[in-house]
Each structure stands twice: as structure tokens, then as C-alpha cells.
Amino acid sequence: MDAMNTRSSLRLLLALAFALALCARPAPLCAGEAGKEPCAVSPSVAGRVSSVAPDQAGAILARLSLACDEGFPLAPFEGKLAEGLAKGVAPAIIIRTLDVKLDAFRHAAAMLRDCGLQPAPEVLAVLGEAVFGGVPAKTLHAYVCGYAGREPGPFLWGLEMAVLLSRAGFDDGLTRQMLDAGFATGGLTPDWRYFVRVVLVARQRGLTDQAVAEAACAVLRGGGAPSDVSASLGFTDRDLSGRELGK
Amino acid sequence: MDESREAEIIREVLLGDAQAFEALVRTYQGPVYALMLRNTGDVDTAADLAQEAFTRAYARLETFSTGKRFFPWLYSLALNVSRDWMRRNGRDMHVFMDDAVGMVRVEDQPDDRQAMDDRLDGAKAFDHVMGLAPKYREAMLLRFRYDFSFQEIARTLGITVSGAKMRISRGLEMVRLKFTEVNDDQEQERKTEGRSGARPA
Amino acid sequence: MTKSRNARQKDAPARGPRDRDTARLDAMIADAVRRAPEPSPPDGFSARVMAGFAPKRPSPLTLLRLWLTRPRSVTFTPVRLASAMAAAMVLLAVGFLALDRAPVGGGGPEGPTLSTVRFVLNDADASARAVSVIGSFNGWEAETSAMRYDAGAKVWVLEAELPPGDHEYMFLVDGRPVADPRARLTRDDGFGNVNAILIVNGRHEHTL
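Chains as they are written, first to last, in this note's numbering: chain E, 266 to 512; chain H, 2 to 202; chain A, 104 to 311.
Simulated from the structure, these hints should not be mistaken for lab results. This one's a predicted model, so the numbers in the text were calculated from it and none came from an experiment. One or more of the hints may lead you astray.
[Said to hold, decoys possible] Distance windows between CB atoms, simulated: (1) A:Ala256 / H:Arg88: 52 to 58 Å; (2) H:Ala124 / E:Gly336: 29 to 35 Å; (3) E:Thr473 / A:Trp170: 57 to 63 Å; (4) H:Thr46 / E:Ala476: 39 to 45 Å; (5) A:Ala157 / E:Lys403: 52 to 58 Å.
[What the hints assert, rightly or not] Here are some chain A residues pointing at chain H (derived, C-beta under 8 Å): (6) Thr125; (7) Ala126; (8) Ala135; (9) Arg137; (10) Ser149; (11) Phe156; (12) Thr165; (13) Ala254; (14) Gly255.
[What the hints assert, rightly or not] Anything over 12 Å on all C-beta distances counts as not near chain E; from chain A, calculated: (15) Arg138; (16) Asp226; (17) Arg232; (18) Ala245; (19) Gly295; (20) Asn296.
Note that CB positions come from ideal geometry on N, CA and C, so glycine has one too.
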């Protein structure tokens, strides 16, 4: 029995080494399409898959392979796989969850195309995770189609901001007011992605979302940063530490 | 089709031989098309949706787990295609299912005079099954027509194994009841006619 | 029960006369379902389906999977075994290198600004034997983020250096995943648990 296990693990390791060897050089086999980044599973994930029975490892790799073929970034799928293995989730459930995630990314890609955008990997990563995480399609669709013509940078930052706000249950209408103000003045910088932190602390202080949004709109119109919003609401950067937020 | 032959075909397709897939299409086109026809009632739409189901299966063939039967996997995809279509066309699956409980068409109800013959008529039994709510109907077809195990039915329909068993036994019970009802009604009628002596020629 | 897939017999066990009647009727129904004619798809259906398919170009992962699940068994000769071992060792070495670069506690001088975040889990009875933080920031690796028990405060503690971003995490208490009860922003992990979301904005978090 042990010998059999050893043999099957060796088989798997050998196979993984084979895949890595293939992908270590820029062979056309590794590229989904010409010009695309090679798609290869990372060594640490490959190592962890070897703890699963070969059949199930095969099924898991099939999902990663499909993500690759469909042009999705691989990291979100590898991350979910590593997470499932770390939590001791049954391989069958990991496989099912990877399928759900694949569908979420397909949905995200279709949404981008619907709004006339090419599914760029970094946008797809945020949008796919948002769909998978249960952010309402209506919210996402309104953002993607509503701001489709914006610069790629602010478009992505605004998307991350909107997704996190939606997860915190912030009103879509208020989010839109802030985004409109930000896009109108070009004031949407990378710092605004995590604006939800200000919202969470403000709520703890008894401030309404409406008041936060109004302060944010004023700051955005003046080209300010989220820290200016917290200052105008009467609390400091220090209150926004990791300890305040999560602990 | 033999399972090992299926597995062989799937490997060939994954390695780049698209044409090998046609053997699977030919084997399963009947049941997939019939499913779509049951759910849409329109031959052209049914053909389009059946095509969509096979297209989806081809695109996602990498996710098929070797060692399992291909047909239940294909059937699950086909059911999803059919559900998507119903949603797009404002026929939400739940509403559709609830309405379908009363969906036995008038012309399917056995004529009293034929009731006794119907008892022995398999075709009528099949009509009764077709008249059941889709959730019972599909489970019975998977079980009796396509020889799915309860586990395969559960996986295909997204329910528990005991849920699958329940649907089969409830489905059988409802169809049995149709026969019994028809028979009882007819007995009742005969007695009435016998007393009045007014039986027409 | 036999190995036969004959559903009629399996689904309708007959006992008394009434049961036998029921079983006969059930068998008839099952048989009717089995034999009823099936509508045929339009002529040329399979050709129409096939017309849309481009041949697949298998990725290395697909090749790997097919290799892995191919219906033959592999036997290792001593020479082959040695090369398999070597390949395995190389792979593990690469794996360790990758782990060494994991962000927790790392971060080179030219890397992104890291912020110190303190994870705390209450354990008044000191009932847990080992607690770690697993999260998107450490590749969900328990080994790299073990917490230490602060007997005075009766809490498990870990201070970690995290890059800016929204990170998901859970505690692993004696091998079991446990959600952070104090998280204000959470997310379903798709496996039936809830991950906490921790947002780090490097620019404003130099100290705690």
C-alpha cells in the first residue's frame, strides 16, 4: 500500500516536473495563444496538488487548464485551490468550487464584452472575483458599462473601490455619486480603492453613509485623498490602522 | 456506448481530434434533443438548444472527470442550457415547475370507454409520466429510460440521493393514481348506468 | 439485490398482494417509459454541431492530466526511478524557493511598502494547541504564519508585514478553519466558510 502511494506520488511529481520543464522554456506549447503569457501552474501549488489522489489531481488540473485556455488569470484559481487544500476541504468540493469560479469569470468576461471592453487580465481578476464573491451583477454591470470609456487605471481603481463598498453594503447610488465626482475631476487615485476603510470606521463612529459620501464627493472634486475625507469627518489616519479595522 | 470507448474518444478529442466528438453527438443527440423538445415545445428551438448543449460540452470537455459516465455529465450541461433558455424567455424554472403540475392536457386524459384498455396500454402510461411536473418527469426518465443510478440522478438534477429516490417513488405513485382514478370512475359509471338501464347503443 | 441495472425490480419491492399489484403497475410504467418512442433530431444534426468545432490545442496542463489519467499503469525501472527521484527533488527545491519568497515577513528593500498588522484570537481557556493565520497574503500556508499564545492577555497573537491590498484570511485552530469573529468585512469562501477581509493601505499604515 505504501509502495503504491509512493509510486503514485512519484508519478504525479514526475508529471508535474514534466509540465514545469515544458513551461520553463518559451515553447509554443505553453502559450494559450501567440503573444499571451505562458500559462503554468506555480511550483508551490503543483507541490500541494501532489497530496491529492491522481484522479482528483487530474480533475483539478483540468480546471486550471481550462482557466488558462479561456484566457483567465491563473492566480485566483491557484489561490482558491491552495485555500481549499489548506482548510482541509474535500477535493470533490474544491473541484466544484473551481467550476463555480470558472463560471464567475466567464460571466465577468461576457459582461466586459457586453459593454464593449476587451477582458484585460487585471480587470477580469477583480471583476471575476467580485462575481464569484456574490457582488450583485446589476451593480457590476452598471459600473462596467457606465464607465467603460474611462482611462484603464482609474477604471480599475474605481472598480475595486465599488466592489469593496458593495461588499460592505454601501448604497450603489452613493457610490455612483462619488465615482462621478472622481472621474469628472480625474481625482480617482489608487488610494481610493480602499476607501471602504474610511466608511467602516465612520460607521463605527455613528456617521451615516450619506455623510461619508458627501464628504468624499467634496474631497474628490478638490483632488484630495481618502485621508482628507477622514480628516474632514473628524478622525485621523491613525484610526484607520489594521488594528482598528480587523481586530 | 462502452465507457472505456467513451474515455478513449474523449482523450482523442482533448488531444486535438475534433471529429472524434461526432461519435458522442450521434450517440446522445436523441436524448438531448428530446429533453429540449420537452422543455420548449418547439422543434427549431429544441435543435438550437441541443446544439448549444453539445457545444458547451465540447468547450468544457477538460472538466469531465474520466472514470465517470459521460452521459450524466452531458445531461447536466443540457439541463443548464435549457434552464438558461427558460430564464431568458421569462419562464423561470420554479414557476415553470409549479405550473406544470396541472399540465396534463385534456386530450391526454383517457376516454372513459377506453379506460380498461388503457390499463394495459403502455403508451398511456408514458403520457401520464410526460404530464407530471418536470422535476418528477425528468427523474423518472433518467431512472427508467436512461438507467441512471440514484447517485447520478442526484448529481444531474442537483439534489440529494434521498431526494432523487423520493422523486421516483412520488412520480410512480402519481402515475399509479391516474390509473386507479380512471378505473374507479369507470366502475362508478357502470353501476349508475346499470341501475338506469339507459345505456345507449 | 443483483448487479442488474434493472430499475423496475430495484424500485418496486413487492410483498403482499396489494404490493404485488403496485409492483406490476410500476413495472409497466417503467417499461412504458423505457420503450416510448423518442423524437429524432433534424437530419444532419450532428454535422451541424460538428461544423462549429475547432480542434483543441491541448495545453501542457491538459497533456499532464491526460498523461496522469491514461489507462495504462507505469512501472519504474531502477534507472527511471532514479530520474523520477531527481525530478521530484528539483521540483521540491523549486517549491521551497517559491515559499521563501512568500510575502509574510519578507519584502525586499525595493518591494512594496509593507505594513505591520497584528492578528489576535481570544482563547481564555488556552484550549487550542496550535493556531495559525492562513490567508491570501501567505499562499494559505499555515507553516509560515504560526501564532504564539500570550498567556497574560489569554490571546493568540501574530504580527505580520503585509503589502497593500485586500487580503482574505482565516484562523487555523488545531487544523480546523475558524472565521475571525471580529471581522467587519467578510466574504463567503465558496467552501462553506467565511473569510475575513483585511484591507491594508500601505501609505497610511507605518505603525500600529
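Far enough from chain E: is every CB of that chain over 12 Å from the CB of alanine 245 (chain A)? 6 Å, violated
Interface restraint verdict for threonine 165 (chain A) against chain H (beta-carbon cut-off 8 Å): Holds: closest Cβ of chain H sits about 6 Å from threonine 165 (chain A), inside 8 Å.
Using 8 Å as the Cβ threshold, decide whether arginine 137 (chain A) counts as touching chain H. 5 Å, holds
Return holds or violated for the Cβ distance of alanine 157 (chain A) and lysine 403 (chain E) against the range 52 to 58 Å. 34 Å, violated
Please settle this one: arginine 138 (chain A) was flagged as non-interface, so is its CB more than 12 Å from every CB on chain E? 36 Å, holds
Take the C-beta atom of threonine 473 (chain E) and the C-beta atom of tryptophan 170 (chain A), compute their distance, and say whether it sits inside 57 to 63 Å. With Cβ atoms ~60 Å apart, the hint holds.
Decide, holds or violated, for the assertion that all CB atoms of chain E are farther than 12 Å from the CB of glycine 295 (chain A). With a cut-off of 12 Å, glycine 295 (chain A) comes too close to chain E, as the shortest Cβ separation is near 8 Å.
Grab the minimum beta-carbon distance between asparagine 296 (chain A) and chain E and tell me whether it stays above 12 Å. 7 Å, violated
Regarding the assertion that aspartate 226 (chain A) does not contact chain E, is the least Cβ-Cβ distance greater than 12 Å? 15 Å, holds
So the hint says 39 to 45 Å: do the beta-carbon atoms of threonine 46 (chain H) and alanine 476 (chain E) match that? 53 Å, violated
Is 52 to 58 Å respected by the C-beta to C-beta distance linking alanine 256 (chain A) and arginine 88 (chain H)? Holds, since alanine 256 (chain A) and arginine 88 (chain H) (Cβ atoms, about 53 Å apart) stay within the stated range.
With chain H as the partner, please determine if phenylalanine 156 (chain A) meets the hint condition of a C-beta pair closer than 8 Å. Holds: closest Cβ of chain H sits about 5 Å from phenylalanine 156 (chain A), inside 8 Å.
In summary, the structure is inconsistent with hints 2, 4, 5, 7, 13, 14, 18, 19 and 20 from the numbered list given earlier, while agreeing with the others.
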